[in-house]
Every structure is written in structure tokens, then in C-alpha cells.
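Protein sequences, first through last, are from chains A and B. All the letters of the first sequence, read from the start, carry residue numbers 1 to 254 under the numbering used here. All the letters of the second sequence, read from the start, carry residue numbers 1001 to 1283 under the numbering used here.
Mixed in with the good hints there might be a few duds.
As the list claims (entries may be wrong) - Simulated DEER-style distance windows between Cβ atoms:
| hint | chain 1 | residue 1 | chain 2 | residue 2 | range |
| --- | --- | --- | --- | --- | --- |
| 1 | B | Ala1016 | A | Tyr13 | 36 to 42 Å |
| 2 | A | Glu210 | B | Ala1172 | 55 to 61 Å |
| 3 | B | Gly1098 | A | Asp238 | 19 to 25 Å |
| 4 | A | Ala8 | B | Gly1098 | 44 to 50 Å |
| 5 | B | Pro1202 | A | Asp246 | 46 to 52 Å |
| 6 | A | Leu136 | B | Asn1111 | 41 to 47 Å |
| 7 | A | Asp118 | B | Phe1231 | 51 to 57 Å |
| 8 | B | Gly1180 | A | Leu136 | 34 to 40 Å |
| 9 | A | Leu136 | B | Leu1041 | 15 to 21 Å |
| 10 | B | Ser1149 | A | Phe14 | 55 to 61 Å |
| 11 | B | Gly1180 | A | Lys22 | 15 to 21 Å |
| 12 | B | Ile1146 | A | Ser57 | 29 to 35 Å |
| 13 | A | Leu136 | B | Leu1019 | 52 to 58 Å |
Since the hints were made in silico from the structure, they are not lab data. Cβ atoms here follow ideal geometry from the backbone N, Cα and C, with glycine treated the same way.
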Amino acid sequence: MAPIVKVANLDKYFGRLHVLKKINLEVKPMEVVCIIGRSGSGKSTLLRCINFLEEPSAGTIEVDKLIVEAGGKGREHRQLVHDVRLKTGMVFQEFNLFPHMSVLENVTEGPVTVKKMDRSKANEIAEMNLDRVGMLFKKDEYPMRLSGGQKQRIAIARALAMEPKVMLFDEPTSALDPELIGEVLNVMKKVAQEGMTMLVVTHEMGFAREVADRVVVMAEGEIIEDNTPEEIFKSPKDPRTKALIDRYRSGGVE
Amino acid sequence: MNLFTKQEDSASKSQAELLYQAQRRKEQLFRTNVGLSWGVLLLILVFLFSGNSLTIANFTFNTIKLDQQFIKDNMFFIAGGLWETIKISILSIAFATGLALLAALGRLSNNPPIYALSTFYVSLIRGTPLYLQIFFFFLALPQLGIVLSGTLAGVVALGLNYGAYMSEIFRAGIASVGKGQREAALAIGMTPGQTMQRIVIPQAMRFAIPPMGNEFIAMTKDSALVSATGFVHELMWRSTKVGRAQFRNLEALIMAAIFYWIMTLILTYAQSWLESRLAKGDR
């Protein structure tokens, strides 16, 4: 099957710092790919380059047949980036719900403002997606009255309401209290089982092992290993992968 | 803010409860005493202008005697300026708010001419006196063939002046909205314009409303400067007119001062009410 996401020869510099070095990555439709690695390995930056929240320094990003070259300028480039963002949903570590809007408005904001959908249709879609993440009962609440886990589930619903082709998760459970991580991972698992293509930057090795089709290991701006979870967790090739997995196994958190 | 409201424990009062109550009593006592002292100060002030004399032992205090007839005769004339003062303040604050928002956005722009325009405007206005600006729009522009009425010149000058100062409030408000909010909006496909309009500005406004209240209060008082044009019949103009004509400036200015003070008290109260409302929605 042709890949739905294709990252080719991606380079990213922050000033003089070379954070992504000639990254090549392909994701097939309905595939769940977890990206693991130590902090500073470039995994979040890679994810953020895919929907251009970070402008790549060089290389090509392809999402569902839209091809965007790094370093583009002008109206045409901006339109392409916009279209790529419509095809990707993103979930952030810090949830980033809109505090001045109710839960329902958070989820309808995209469809109404971006897709110009009429309010009743948008409400219908929002309620369906809130139900999907088990948060419909809080639809009239404001974000500040919710727990981190609830906020993150709503953030997932907000992204899903735009009906993206690919979901990008940027350490979705890293800002959560340990007892709230499970509910978010369960929702993500459900979304994966429904056939969504997912790219997940995570420290949750259990999730990677259980849900991912592939695990990509990053270190120092490079992909050092890309394999099935079984292979990665049972017989890691690279000593850095082994060290990473051992650290999590022994309960150490960076 | 009362984050820790009292939990009624009907059984027995714990030590914490007793301490809490003692503290509450202390706070209430303080507030009561402040209120009473205010009353006393107000009474002293009223007495000082009552015209009565007070004899203690051999000393006789003569308080200031105001011309009651003048006050009665001119009360309504001066009060008639209230509406003009309020009108100028509201129009100016509306104009200033629009300008301040544009200036703040310009200040955050990556476009050099737009950024320069915004900082240039703020620098020019903040670098010159408001009094001069009012005269400029009223007296200097006619030389160029542009004749503004006194009210319009006042509103333009006050609006431009306060807009420059308030742009800083909006800039801080916009800066207070986290980067994550922008990213979340962009990620669902919103354009930068939509992100600003739907996500950033509403949150910045919530941040900006309390300081804007202060500006509005300050402006109602600065509107008195517009009287200098001689053609705007607001509080200050009316009080100086009758005061000078009958050499009763003391009475006239005291009356105007009372009106300004009452307006400020009402606005301050309204502002703290609004602020507490906003805080409630926030937490």
C-alpha cells in the first residue's frame, strides 16, 4: 500500500543546532507508529514538522498525496501547509484547549470556522466525537473545571472532529498525573482500533508495545531503529535502544 | 478571594475553626473601623465648608462659608455638563480601544513598516502633552483648513492619546495568551487571522478589561482638559464659567469636584464588580 505520510530527507536546524538529520519515514494508511527516544532526540520536532508547526529546514513532507517542499514561501506554499493541516489532527502535551470556550465549542470551532459548517451539523459531529472519547456528559463545561485526562480526551475529540487522515500525538500523556494516563491511552487505543493512521511520540512503552504496528527509535536527530514492537522490545539492535528500553523497564523516568 | 470557605462542622468547633473565626472577626473589625473613619473624615470635610464657627474655650474656629444661594442657583447648570463629560469619555474610550488594538497588533507584526507605524505613533503621542494635543486638534488644524468642533477635537485628542497608552495593555494581553493556543488553532486549520480573531483576542480582552477600566476612569477626569477649547460645555467648562462670572470659583470648583468624585466612585465600583465577575468565570 502506498504510504499516507512520507517524510523524505528532512533536516531541521534551530539556529546552529542540527536537531533532525536527513530523516526518512513512511507511514501506511491505518498504521500506528510510535516514536520513542530520549528527550532532545528530535522526536517532537519531527512530529511538529509534519504539520508545519515547525518549518523544516530542508526535505519534503508528503501527506495524503500533498507534497510540500521545505523552505517554500508565498501564497501557494501557505495554501499547501493549510491543506496539510486539514489532513492532520494534532494532540499536544499541554492539551491547549481554548479556555474561553465550552467543551462543545472547543470541538465545533474547527468545523464552523475552518470548514464553514453550519452550527447544527457541527454540533452533531462534535457530540458524536465527544461521545467517542467518553466526554459528552461534560459538553457544557469549561475546560478549567476538568481534569487533565478529561481535557486531553476532549483535545482528541477536537482533532477528530476535523476528520483528519492522520492523527499526530505529541507526548499526549506526559503532562498527566499517573492515575489519569490510562483513560487517555484507552481512548487512543480505541481510535487506533477504529482504523485511524496514527503517529505517536510517547514515553509509554506499554502503549507502544501493545498498540503500535511499528516503533521508531530516535537518538541525536536520527532514526536509529525502525521495527515491529516485538523486535524492538525483545531484541533491540542498537545499544542506545537497549539502554532506553532498560531504563523504562527498571521504572526510571527521564 | 475566599478560596477556603468555611466548612460547617456542627459537632464541635475545632481549633482551626476557632482560629479562622477569630481571624474573620479581626478582618470585619478592621473593615468597620475603616468605614467609620471614612465617615468621620467626610464629616470633617463637610464641616470645614459649613460656615459654622466652633468655640472651644477662648478659641473660635471659623470654617469656610460657601455661598449657598450661588450653589442652589448653579447646581443644575453645572450638573448639566455631566452628560457631555460622559459622552466625551465614552466616545474617546471607544476610539482609543480601536486604536490601541491596531497599535498592539502592529507592534506584534513582522512587517517593518507596520511595526514602525505603530511604535512611531506611540512614541509621538506619549512624547507630547495631552493638553497640547487637544489644542493642536482644535486650534492648529483650522490653519490647514480642517475645522473640528470642540467635542470632536477633544474626542480625537483623547482617543489618540489614550490609544497610545492602552496599546501597551493590549500588547501585554496578547502576549499573555500562550503559544500553545496559537498552535492548537493553526493545527485545526485556522488561518493566522482567524487564530487572532477567534482565539487570541478574546483571551487577551479578558486580561485587558481590568486595566482598561482604570484607563476609562482616568479619562473621565482628563476629559476636563477639553474645557480649554471653550466650546465644550462639560462639567469643568460650566463650573469655571459661572465661577469666574460671579467670582464664586471656590463654590463652582467644589461642585464640579463632587460630581467628578461621585462619577469615579461609581465607575470604580462598577469596575470591581466586573472584575470579580471575570475572575469567577476564570477559575
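Structure-based check of each hint:
no., hint, in the structure
1, Ala1016/B to Tyr13/A: 36 to 42 Å, "violated (58 Å)"
2, Glu210/A to Ala1172/B: 55 to 61 Å, "violated (47 Å)"
3, Gly1098/B to Asp238/A: 19 to 25 Å, "violated (59 Å)"
4, Ala8/A to Gly1098/B: 44 to 50 Å, "holds (48 Å)"
5, Pro1202/B to Asp246/A: 46 to 52 Å, "holds (48 Å)"
6, Leu136/A to Asn1111/B: 41 to 47 Å, "holds (44 Å)"
7, Asp118/A to Phe1231/B: 51 to 57 Å, "holds (52 Å)"
8, Gly1180/B to Leu136/A: 34 to 40 Å, "violated (25 Å)"
9, Leu136/A to Leu1041/B: 15 to 21 Å, "violated (58 Å)"
10, Ser1149/B to Phe14/A: 55 to 61 Å, "holds (57 Å)"
11, Gly1180/B to Lys22/A: 15 to 21 Å, "violated (29 Å)"
12, Ile1146/B to Ser57/A: 29 to 35 Å, "violated (53 Å)"
13, Leu136/A to Leu1019/B: 52 to 58 Å, "violated (45 Å)"
Of the numbered hints listed earlier, those contradicted by the structure are 1, 2, 3, 8, 9, 11, 12 and 13.
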